[in-house]
Amino acid sequence: MKLSTNFVKDYVDIDDGDIEKIADDMTRVGNEYDSCGKLINATNLVIGEVKECEMHPDSDHLHVCKVDVGNEILQIVCGAPNVRKGLKVIVALVGAELPGDFKIKKGNIRGQESNGMLCSIAELGLENKFLTDADRDGIHELPQDAPVGGDPLKFMEMDDGVIDFELTANRGDLLSILGMAYELGAIYDKPVKEIETSHKEDGEDINKSFKLEINTENCELFLAKRVENVSIKESPAFIKNRLIASGIRPINNVVDISNYVMLETGQPLHYYDADTLKGKIEVRMAKEGEKLTTLDNIERTLSEDDIVISDGTKAIGLAGVMGGLDTEIEETTKNIIIESAIFNPVKIRQTSKKILRSEASSRFEKGLDPVRTYMAIERSCNLLEKYADAKVVTGLAKYDTTSKEDKEISITYEDINNLLGLEVPEKEVLEVFRKLGFKYKEEGKTIKVYVPTRRLDISIKEDLIEEVGRIYGVDNIEGKLPILPVRPGSYNKVPREIRNKMILLGLNETLSYILVNDKEASKFTLDEFEMVRLLDPMTEERNTLRYSMIPSLLKIYEYNKAHNVKDVSIFEIGKGFYKKNGEYGEDSKLCVLMSGEYYLGVDNRKQVDFYIIKGIAEELLNYLGYENRYSFVAGNIPQEFHPGQTAQIVVNGKQVGIVGRVHPTVSKEPVYVMEINLDLLLEIKTGKMKYKEISKFPSIKKDLAVIAEKNLASEEIAKIIKKAAGNLLKSTDVFDVYTGENVEKGKKSIAYSLEFEAQDRTLTDDEINDILNKIIQAIEKQGMEIRK
Amino acid sequence: MKEQIEQISKNAKEEIANVKDVKELSDLKVKYLGKKGELTAVLRGMGALTPEERPIIGSLVNVVRDELEKLIEEKEEQYKAEELTKKLEEEKIDITLPGTKIKTGSKHPVNRIIEEIEDLFVSMGYDVVDGPELETDEYCFERLNLPKGHPARDMQDSFYVSPEYLLRTQTSAVQARVMMANEEKTPIRVICPGKTYRRDDDATHSHQFGQVEGLVIDKNISLADLKGTLEIFVKKMLGENSKLRFRPSYFPFTEPSYEVDVSCFKCGGKGCNLCKQTGWIEVLGSGMVHPNVLKMNGYDPEKYTGFAFGTGLDRLAMFKYGITDIRYLYTNDVRFLKQFDRKD
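Taken in order, these protein sequences are the chains called P and L. Residue numbering for the first sequence is 1 to 788, as defined by our numbering. Residue numbering for the second sequence is 1 to 344, as defined by our numbering.
Certain hints may be false.
Distance windows between CB atoms, simulated [said to hold, decoys possible]: (1) L:138 / P:228: 37 to 43 Å; (2) P:669 / L:100: 23 to 29 Å; (3) L:273 / P:228: 53 to 59 Å; (4) P:13 / L:273: 35 to 41 Å.
Only some residues are given here: those of chain P computed to face chain L with a beta carbon under 10 Å [unchecked claim]: (5) 31; (6) 171; (7) 287; (8) 289; (9) 291; (10) 580; (11) 581.
In the DSSO-like style, the derived pairs of lysine-lysine whose C-alpha atoms are separated by at most 30 Å in a straight line are [said to hold, decoys possible]: (12) L:185 / P:21; (13) L:270 / L:235; (14) P:461 / L:185; (15) P:190 / P:386.
Derived by calculation from the structure, the hints in this document are not laboratory data. The model shown is predicted, which means the values in this text are computed figures rather than measured ones. Beta carbons are placed, not taken as given, at the ideal position from N, Cα and C, and that holds for glycine.
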């Protein structure tokens with residue numbers, strides 16, 4: 001809402017010398033602003049009269065003028081085609097500053113001295129949409145009664161201030177000059193002046209010739225008046241300028257008056273050309289598929305949720321949103337039916353969202369004060385009579401189900417002080433209500449407050465407490481901490497522990513978008529689920545909620561690759577979404593992506609491969625307490641993975657994740673990913689961490705190389721070794737896998753480092769050899785051999 | 001014989017003093033003290049001596065042997081020390097070369113902020129709770145005093161996936177869940193950090209962003225309690241010198257409602273481009289829990305009052321680390337991420 005300070009000064013006596021102070025004071029009571037300043041941001045302007053006007057000797061379009069600015073005659077060179085002797089003009093003197101950082105200096109134009117500039121309205125910085133053709137083509141021509149030497153902005157009534165407020169959704173009442181006047185009145189303790197609505201009425205009562213029919217509960221108040229014989233012309237300057245200051249383009253006096261009254265009262269009005277109606281207005285819901293051509297000459301197809309105005313046979317307007325083309329006010333219009341009404345805000349909001357958000361609809365959808373509905377229609381008659389020579393027809397056609405009683409709310413001083421945590425003196429509380437223009441009655445410690453209908457936002461005592469806080473000020477509340485029992489707070493530590501572990505493993509944490517394209521949302525999984533799509537996505541690129549996080553992390557990888565960052569080791573904990581059996585659900589997941597080089601401890605840079613990312617998975621699972629309870633299983637791999645370098649992660653026999661290389665058709669560069677469903681994993685209980693006694697006796701290491709079929713999983717050999725060795729075998733590590741010379745084709749050699757240890761004695765060579773023999777026998781029994 | 005011993009001693013001492021390297025020294029040791037050495041030879045010839053002479057000569061030989069052994073040992077020590085010095089000299093490296101890169105990973109700035117906030121509030125006895133990101137209209141709006149058709153729903157145009165389900169537009173949705181889940185309707189002290197989503201796509205807004213919500217419900221909770229709590233919060237996050245300004249505002253789930261401005265931490269309130277010359281930066285939304293919200297979620301507003309507050313995590317991260325563009329938080333350039341691997 002753009003507030004014109006000249007406009008509001010009609011109703012409340014404020015000093016707008018320091019407009020920023022007004023804006024800041026309004027901010028303090030809860031009304032934020034976006035910008036504030038003068039309507040015309042130009043200095044050093046004066047009214048001048050062109051005394052002489054000669055062609056410039058060295059130019060075919062410039063004129064050299066002698067301009068009387070009151071106290072002196074200035075020579076000014078001017079290029080406007082309409083400059084001529086006798087014209088009253090706006091002169092920007094030397095030293096003037098015009099919008100766009102344009103400073104006027106003493107100059108010399110093609111040999112002729114020039115001491116200032118003759119201005120057009122455009123040069124004064126008015127937005128393009130407010131300019132007429134004449135404004136664009138030449139300098140502004142002031143009327144002959146303009147006083148030479150005077151202030152042209154003041155003369156044109158353009159010496160206005162504008163504050164552009166960003167109002168909160170509950171303060172529909174502030175979308176009006178009157179509402180703003182009450183608010184400013186409360187801040188500066190000034191009374192609000194009455195609006196002038198008086199006018200003459202003549203002729204047969206409107207209700208004799210005009211019928212109103214309301215056939216929907218979505219219209220609670222409808223008023224109509226008839227005015228005749230209007231003369232359509234340009235509006236007076238003050239109306240035009242105040243509309244401009246408020247951001248509305250002037251059209252003609254009649255249209256401007258309807259907008260002017262809307263700005264003043266907050267009540268949107270609609271004018272119908274009475275001669276295009278059939279003596280009747282009906283308000284009803286539209287029929288499904290009903291057609292209406294609106295003012296903007298677009299044929300609209302309506303639905304049962306749209307409120308329409310009808311002439312009894314067909315729709316002639318979309319209530320609260322836009323009028324119809326057929327009944328529009330035109331240059332030739334003589335007689336007018338004025339509509340002032342209140343419609344269901346929710347319906348208006350829905351319709352306007354489909355069609356157009358306008359100044360009118362934004363007011364309807366926040367709710368209106370029925371007192372203003374009456375006020376606006378009378379005010380409209382007052383102005384039409386004054387500025388459009390209208391004859392107002394006697395009477396008012398009305399349909400009214402509203403209450404215009406003040407709302408009574410009881411409140412105690414204790415209520416106020418308890419909620420604010422502040423001792424507001426009783427006198428100050430009453431002062432707040434008085435300043436706001438609320439009537440009240442004190443009954444002991446209880447105050448009965450009568451809230452006027454204009455304040456639709458106030459309905460319970462907490463709303464009144466907010467008013468006290470707003471106007472009295474909450475700056476003097478001393479902050480304290482709530483007195484609550486001491487207790488330990490809690491949080492879910494596990495995600496943080498996982499995060500810290502991944503960071504220690506050298507991975508960088510990311511934060512990715514959950515919205516992806518529907519083509520990606522079903523990838524990297526074989527799970528059965530229904531994708532979750534947005535009903536109304538912003539872009540097709542992001543129209544579905546991800547199930548797997550891998551597509552999100554792959555996007556991050558692609559971004560980095562495109563920026564020449566090739567070593568990417570990242571992870572994220574986030575959500576994956578699905579619908580199963582008609583129910584929506586979401587799971588917490590951990591996703592890791594690795595590509596390029598990985599720094600592994602000191603001086604050990606390695607190109608990422610399957611075993612590195614598997615090592616990360618193992619380290620994490622061990623850390624979380626699942627040591628010896630997980631396995632990596634081949635087979636049953638989604639097609640986006642490399643079939644030979646991918647494994648399911650199985651913990652306690654349950655598949656909780658997947659780890660492997662992205663299929664070369666998906667990513668040409670080797671990229672490895674891992675995803676674990678944390679909800680599934682963390683369901684599996686783990687024991688507490690416990691210290692294991694360190695053996696006081698030395699352990700003994702022995703190496704053993706096994707030659708086996710190339711395709712045999714090494715895990716199988718490890719199982720045989722462990723089983724044969726018994727509990728003195730402390731660890732089994734693979735330190736080499738070899739194929740090639742000295743190893744038969746189709747076979748591989750796997751070298752194990754075995755560590756033996758007992759808690760109670762130093763193992764003897766005989767004992768160790770005994771175990772080794774058992775292992776060798778077990779291996780040979782399986783058809784494998786020991787490499788010598 | 002005595003003369004012979006003294007001559008040996010004299011010769012040996014001279015030779016030891018003039019020795020040139022370890023090899024010569026070791027040869028001398030053999031020459032004089034070895035099994036076939038000169039002194040040993042003398043001892044062997046002692047058979048020819050009288051019983052009276054034997055102990056005298058024997059002890060003389062021992063004295064000389066000890067003397068020579070000591071001298072040789074000293075010389076040996078000297079050679080060892082020289083050798084070590086030489087070796088150390090050879091082992092000298094350029095200590096100004098850079099250390100080996102040992103890199104751990106890094107935590108995302110938004111999660112750093114979340115952890116900092118969690119730690120602060122947990123220390124004050126709050127529980128950290130979470131709720132679904134795919135939320136129902138009921139919990140995201142209806143139970144927060146935002147019925148269908150409410151104009152304030154415009155402020156947060158939403159991503160619906162069905163008529164009833166949407167991506168939550170605010171962590172406030174968790175408020176209603178916590179209140180409803182607390183069957184005994186006992187006091188509540190929680191914060192809920194998390195991801196939120198709105199149909200916003202301009203330069204300063206991301207359609208996905210982080211929020212944290214705080215909720216306290218008990219008997220006798222007042223605006224002063226909210227103010228005191230937020231003062232601690234803001235000072236911890238944005239600096240001890242921060243000043244707060246409560247500006248009346250409107251949220252459907254609180255009444256009264258306040259936006260909280262913080263004195264600009266860049267210019268200290270003098271006015272700069274960050275605070276758009278106002279000296280203040282809007283940081284939080286807050287207020288006293290609306291009686292309708294208490295009632296709808298099972299708390300008697302005649303008995304209980306409460307406060308709630310919420311703030312954007314992305315903005316806090318940007319303020320705290322001086323990040324100039326919100327998109328950096330979501331593009332995840334590894335060069336950006338790697339910077340966040342040090343303490344605050």
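* Verify the proposed pairing of residue 190 of chain P with residue 386 of chain P, using a straight-line Cα cut of 30 Å. => 29 Å, holds
* When the nearest CB of chain L is found for residue 171 of chain P, is that gap smaller than 10 Å? -> 7 Å, holds
* Minimum beta-carbon distance criterion (10 Å), residue 580 of chain P to chain L -> Because about 13 Å separates residue 580 of chain P from the closest Cβ in chain L, which is outside the 10 Å limit, the hint is violated.
* **53 to 59 Å as the expected CB spacing between residue 228 of chain P and residue 273 of chain L, which holds or is violated** => Distance hint for residue 273 of chain L, residue 228 of chain P holds at roughly 58 Å.
* To do: Take the C-beta atom of residue 13 of chain P and the C-beta atom of residue 273 of chain L, compute their distance, and say whether it sits inside 35 to 41 Å.
  => Roughly 37 Å apart at Cβ, these two residues keep to the hinted range, so it holds.
* Has the given pair, residue 185 of chain L with residue 21 of chain P, been kept, meaning a C-alpha gap of at most 30 Å? -> 46 Å, violated
* Asked: Can the hint on residue 581 of chain P be confirmed by a CB-to-CB distance to chain L that is less than 10 Å?
  -> This interface hint is violated because 15 Å lies over the 10 Å limit.
* residue 461 of chain P and residue 185 of chain L: Cα distance at most 30 Å? -> Within the cut-off at roughly 23 Å; holds.
* Going straight from one Cα to the other, do residue 270 of chain L and residue 235 of chain L come out at no more than 30 Å? -> 18 Å, holds
* To do: Mind checking the hinted window 23 to 29 Å against the Cβ distance between residue 669 of chain P and residue 100 of chain L?
  => This hint holds: roughly 27 Å between Cβ atoms.
* Using 10 Å as the Cβ threshold, decide whether residue 287 of chain P counts as touching chain L. => 22 Å, violated
* **Interface hint compliance - residue 31 of chain P to chain L, C-beta minimum distance less than 10 Å** => Given a least distance of 8 Å, the restraint on residue 31 of chain P holds.
Violated hints, in rising order: 1, 7, 8, 9, 10, 11 and 12; the structure is consistent with all others.
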